[in-house]
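Next come the chains, spelled out residue by residue.
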Amino acid sequence: MTDHANLERGYRRLLASYPRAFRREHGEEILAVLMASAQEGQRRRGLAASADLIRSGLWMRLRPSLPRSAPTVRAAVRLMYAGAVVTALSLIVAIVSLPYVGRSGATLRLAGRSQPLPLAITVGIVSGVVMIALWLWMARAISRGRNWARLLSTVLVGLATLHLFGNKGAVPVVFAVLMWLVGLAVVWLLWRPTSRAFFKPQGLTQVGHGA
Amino acid sequence: MILTALASGSQHGYGIITDVQEISDGRVRLRPGTLYTALDRLCADELIRVDREEIVEGRLRRYYRLTPAGTKRLSAEAARLQADATAALTRLNLAGGMAT
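Chains A and B, in that order, give the protein sequences.
Under numbering that gives the first Met the number 0, the first residue of the first sequence is numbered 0, with each subsequent residue one higher.
Under numbering that gives the first Met the number 0, the first residue of the second sequence is numbered 0, with each subsequent residue one higher.
Only chain A is shown next, with the shape it has when bound in the complex (with noise of 0.2 Å):
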């Protein structure tokens, strides 16, 4: 009996990678199946389960939640997560090739070490952890039907415009071509005239099935 408990305060205890009102609505649900697939005398949680859990969980937090009235939308969102992903990747490409960080490997050692780091390296990787964030955000925003981040992100775009002349090295430049590509197919699928339609009725219908 003990048992059953601590496997099922386990498996409750993951269902925390699920977004609250998911939870609410289907934890219950969840865990009675979770339950009924567990083995007699199974102690522990499954480990296949768990991880199927998870990374359930967080992709119900990060998918865009949008009708199958609006794949531009759609299309939209899910460039956005790459653009973030491209981001991510081209700060790490850059943190490690930075001169002074050895070759053996350490990012580490640059957090280690007693002197503080130059400007432009900080600025820069604060700057890629700043669009890193907004790529996300305006991914969230937009897939709620926020007509305000539609403008932001174009306004955004406009600017990594200008930003694409400022980088200096191919690896720079091929990634900042590329994160610009990808706001540029973004920025047109969000004006086509399906998105249209999905930012106009400014209400609680538009984002219709979140729940």
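Do not take every clue at face value.
Claimed, not checked - From chain B, some residues computed to sit far from chain A (all C-beta separations above 12 Å):
| id | residue |
| --- | --- |
| 1 | Gly-14 |
| 2 | Arg-26 |
| 3 | Arg-64 |
Claimed, not checked - On the chain B side, residues computed to face chain A include the following (Cβ under 8 Å):
| id | residue |
| --- | --- |
| 4 | Arg-30 |
| 5 | Gly-32 |
| 6 | Ala-75 |
Worth flagging that the hints you see were computed from the coordinates, not collected in a lab.
Where a beta carbon is used, it is the ideal one built from N, C-alpha and C, also for glycine.
Please build the complex by placing chain B on the supplied structure of chain A, with the hints as guidance.
Frame of chain A, contents of chain B only:
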């Protein structure tokens, strides 16, 4: 495959998992996380809806069933698969016939 599991009547989550396993001859084992992501999507697309809820041994069971749109989608999908399979078999037979 979830739609197929619901084709003959309403089912609850665990029922869908065991049914899908049966339909697929044991090849597909849905995990609860994946199942509920899919159910949420199908509900959002109005292909399925909640039929009823029961409490069994203190646990919530929610039964799902196909909506008319879900039935239509499933039969369209089944017809498409059947057409693909027929085309494949016809061509294989043709090829077999030529080889002999």
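Cross-check of the supplied hints:
1. Gly-14: violated (9 Å)
2. Arg-26: The assertion about Arg-26 of chain B holds, with a minimum of 15 Å to chain A.
3. Arg-64: Holds: least Cβ distance 15 Å, greater than 12 Å.
4. Arg-30: Since the shortest Cβ distance to chain A is 4 Å, the answer is holds.
5. Gly-32: holds (3 Å)
6. Ala-75: violated (15 Å)
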